[in-house]
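A.B. asks: According to my numbering, the sequence shown holds residues 1 to 455 in order.
Simulated from the structure, these hints should not be mistaken for lab results.
Model, not experiment: these values are computed from the prediction.
Some hints here could point you the wrong way.
Keeping only pairs whose Cα atoms sit at most 30 Å apart, straight-line, the calculated BS3-like set for lysine-lysine is [as the list claims (entries may be wrong)]:
{"hint": "1", "residue 1": "Lys215", "residue 2": "Lys162"}
{"hint": "2", "residue 1": "Lys209", "residue 2": "Lys66"}
{"hint": "3", "residue 1": "Lys155", "residue 2": "Lys446"}
{"hint": "4", "residue 1": "Lys304", "residue 2": "Lys215"}
{"hint": "5", "residue 1": "Lys155", "residue 2": "Lys215"}
{"hint": "6", "residue 1": "Lys258", "residue 2": "Lys66"}
{"hint": "7", "residue 1": "Lys447", "residue 2": "Lys375"}
{"hint": "8", "residue 1": "Lys447", "residue 2": "Lys155"}
Cβ pair distances, simulated, as ranges [claimed, not checked]:
{"hint": "9", "residue 1": "Met31", "residue 2": "Thr288", "range": "52 to 60 Å"}
{"hint": "10", "residue 1": "Gly129", "residue 2": "Ser60", "range": "25 to 33 Å"}
{"hint": "11", "residue 1": "Phe378", "residue 2": "Val261", "range": "27 to 35 Å"}
{"hint": "12", "residue 1": "Val261", "residue 2": "Val380", "range": "55 to 63 Å"}
{"hint": "13", "residue 1": "Asp234", "residue 2": "His314", "range": "35 to 43 Å"}
{"hint": "14", "residue 1": "Val380", "residue 2": "Leu178", "range": "26 to 34 Å"}
{"hint": "15", "residue 1": "Lys442", "residue 2": "Leu69", "range": "36 to 44 Å"}
{"hint": "16", "residue 1": "His45", "residue 2": "Phe319", "range": "24 to 32 Å"}
{"hint": "17", "residue 1": "Met31", "residue 2": "Gly129", "range": "52 to 60 Å"}
{"hint": "18", "residue 1": "Ser99", "residue 2": "Arg274", "range": "18 to 26 Å"}
{"hint": "19", "residue 1": "Asp262", "residue 2": "Lys446", "range": "18 to 26 Å"}
Each residue gets a CB set at the ideal place from its N, CA and C atoms; glycine is no exception.
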Amino acid sequence: MSTKQKSNQRRLGDPFQQFISFLSSGSVMLMVATFVAILWANIDHHSYEHFWHSLFEVESELFDVKLGLQHWVNDGLMAIFFFVVGLEIKREFLAGELSSFKQASLPIFAAIGGMVIPIVLYFSFGFDGHAAEGWGIPMATDIAFSLGVLAMLGKRVPLALKVFLTALAIVDDLGAVLVIAVFYGGDLNWTYLLIAGILLAVLVIANLKNIQDLKLYTFLGFIIWYFFLMSGVDGPGSGIHCTIAGVLIAFTIPARPKVKVDDFIDRIKNGVHRFSNTDRSNNYRVLTDEQLYAINDVEYSVSKVQSPLQRLEHQFHGFIGLFVLPVFALSNAGVSLYTHEGGEEIFTSLSLAIAFSLVFGKAIGITFFSWLAVKLGFAVKPKRSSWMSFLGLALLGGIGFTMSIFIASLGFEEHPHLLNQAKIGIFVGSIIAGFAGYLILKYSLKKDEDRAMAK
Numbered sequence: 001m002s003t004k005q006k007s008n009q010r011r012l013g014d015p016f017q018q019f020i021s022f023l024s025s026g027s028v029m030l031m032v033a034t035f036v037a038i039l040w041a042n043i044d045h046h047s048y049e050h051f052w053h054s055l056f057e058v059e060s061e062l063f064d065v066k067l068g069l070q071h072w073v074n075d076g077l078m079a080i081f082f083f084v085v086g087l088e089i090k091r092e093f094l095a096g097e098l099s100s101f102k103q104a105s106l107p108i109f110a111a112i113g114g115m116v117i118p119i120v121l122y123f124s125f126g127f128d129g130h131a132a133e134g135w136g137i138p139m140a141t142d143i144a145f146s147l148g149v150l151a152m153l154g155k156r157v158p159l160a161l162k163v164f165l166t167a168l169a170i171v172d173d174l175g176a177v178l179v180i181a182v183f184y185g186g187d188l189n190w191t192y193l194l195i196a197g198i199l200l201a202v203l204v205i206a207n208l209k210n211i212q213d214l215k216l217y218t219f220l221g222f223i224i225w226y227f228f229l230m231s232g233v234d235g236p237g238s239g240i241h242c243t244i245a246g247v248l249i250a251f252t253i254p255a256r257p258k259v260k261v262d263d264f265i266d267r268i269k270n271g272v273h274r275f276s277n278t279d280r281s282n283n284y285r286v287l288t289d290e291q292l293y294a295i296n297d298v299e300y301s302v303s304k305v306q307s308p309l310q311r312l313e314h315q316f317h318g319f320i321g322l323f324v325l326p327v328f329a330l331s332n333a334g335v336s337l338y339t340h341e342g343g344e345e346i347f348t349s350l351s352l353a354i355a356f357s358l359v360f361g362k363a364i365g366i367t368f369f370s371w372l373a374v375k376l377g378f379a380v381k382p383k384r385s386s387w388m389s390f391l392g393l394a395l396l397g398g399i400g401f402t403m404s405i406f407i408a409s410l411g412f413e414e415h416p417h418l419l420n421q422a423k424i425g426i427f428v429g430s431i432i433a434g435f436a437g438y439l440i441l442k443y444s445l446k447k448d449e450d451r452a453m454a455k
């Protein structure tokens, strides 16, 4: 096998490349679901609203929960999404691009700037009343869409820039989680939260003991999610949002493999040797007991060399990208593009503020804070990457979409007219940021290539 073939195989099997591929393919499904939601909402708005707000009840001897379908998506499926986000955050801090200060400093600085400046720009519009509660909307980055646009530029994009944008989006997600936990909840039932906290402590202890039975984490995780769902005094979903439970549960998932990497090859070789040197069965269709034992040892080694954290993250990516996020878009992206009774405006100052903050807030915040981190010596800019390329990446960070819509649905849940205006702003801002980022990156990457070839 040639060196080039080996290199290609390594790249295809690289978990980071698989992660990018999953998100890029999921962004197509997300676009389709969004288009269908907008079409549905504008052809028959009443049907769209009636369907997603129709009640669905889950009842047993221990609990009884009745929520609208949209709430099941936002409180249930999105808890799974944030569970995977939590796995990604934990992996990045343990062994990824955020595992050391030198590696993490540039995307962390960039993410902070990409959250702070959009919030400042939003408040500069001088909103009061309920509209002021939307300040968290423009701080979000949709990792699936941003990486999907980046993938359209093909192999021209250096791996360092893909890693930077991914790490930035993950830190951005962590910021969004903290904002949701602190600012977008209601009055709390502390008894339920205390029980959830005790169960989380049990999972932490299980993690420290390296107990890897995922049935334990699944069972207690569901109970923790239920107590978070019921943590508000005003009914299900009115307290600390369930997505926070998903992230906290993810942090308890063991990241240490049962079989150490150094022992893995020896165990596999030993299993294969035992299999090939045992007496064979007279019936070629049936393996001997010794051969079965050898195969079991090999299967155990293969399954346990990968930690539960990595195994779950890999298994859930397809489900998240191809099901959870499209269903979320279908249930939440149905924005009305025409005025209803009362003649209220569709594109308002709220829409403008969100669009403006997403585009200019992210562009200024990410680029300036990245430049500041490099100038102060806290970080190093990737070689052969210009600041123009960073501006393009910063604009891709302005594609808020999924996360922005999610925060908007929390902030304006009781004010549908504001929610509709917010969605318009999110769509306009995300589209402008995406197109501008793509065009600037296409131009700047070509210039970077030309400069590299000229040297």
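A.B. asks: The structure should be examined with respect to each hint, and the outcome stated for every one.
C.D. replies: Status of each hint after checking the structure:
1. Lys215 / Lys162: 35 Å, violated
2. Lys209 / Lys66: 37 Å, violated
3. Lys155 / Lys446: 12 Å, holds
4. Lys304 / Lys215: Given that 30 Å is the threshold and the Cα spacing comes to 16 Å, the pair holds.
5. Lys155 / Lys215: Not satisfied, since the Cα-Cα distance of roughly 41 Å exceeds 30 Å.
6. Lys258 / Lys66: 41 Å, violated
7. Lys447 / Lys375: 23 Å, holds
8. Lys447 / Lys155: 15 Å, holds
9. Met31 / Thr288: 52 to 60 Å: Distance hint for Met31, Thr288 holds at roughly 54 Å.
10. Gly129 / Ser60: 25 to 33 Å: 42 Å, violated
11. Phe378 / Val261: 27 to 35 Å: With a Cβ separation near 32 Å, Phe378 and Val261 satisfy 27 to 35 Å, so the hint holds.
12. Val261 / Val380: 55 to 63 Å: Taking Cβ atoms as reference, Val261 and Val380 lie about 29 Å apart, which means the hint is violated.
13. Asp234 / His314: 35 to 43 Å: 38 Å, holds
14. Val380 / Leu178: 26 to 34 Å: With a Cβ separation near 27 Å, Val380 and Leu178 satisfy 26 to 34 Å, so the hint holds.
15. Lys442 / Leu69: 36 to 44 Å: Holds, since Lys442 and Leu69 (Cβ atoms, about 40 Å apart) stay within the stated range.
16. His45 / Phe319: 24 to 32 Å: 30 Å, holds
17. Met31 / Gly129: 52 to 60 Å: Violated, at about 34 Å.
18. Ser99 / Arg274: 18 to 26 Å: With a Cβ separation near 37 Å, Ser99 and Arg274 fall outside 18 to 26 Å, so the hint is violated.
19. Asp262 / Lys446: 18 to 26 Å: 45 Å, violated
The structure shown violates the earlier hints numbered 1, 2, 5, 6, 10, 12, 17, 18, 19.
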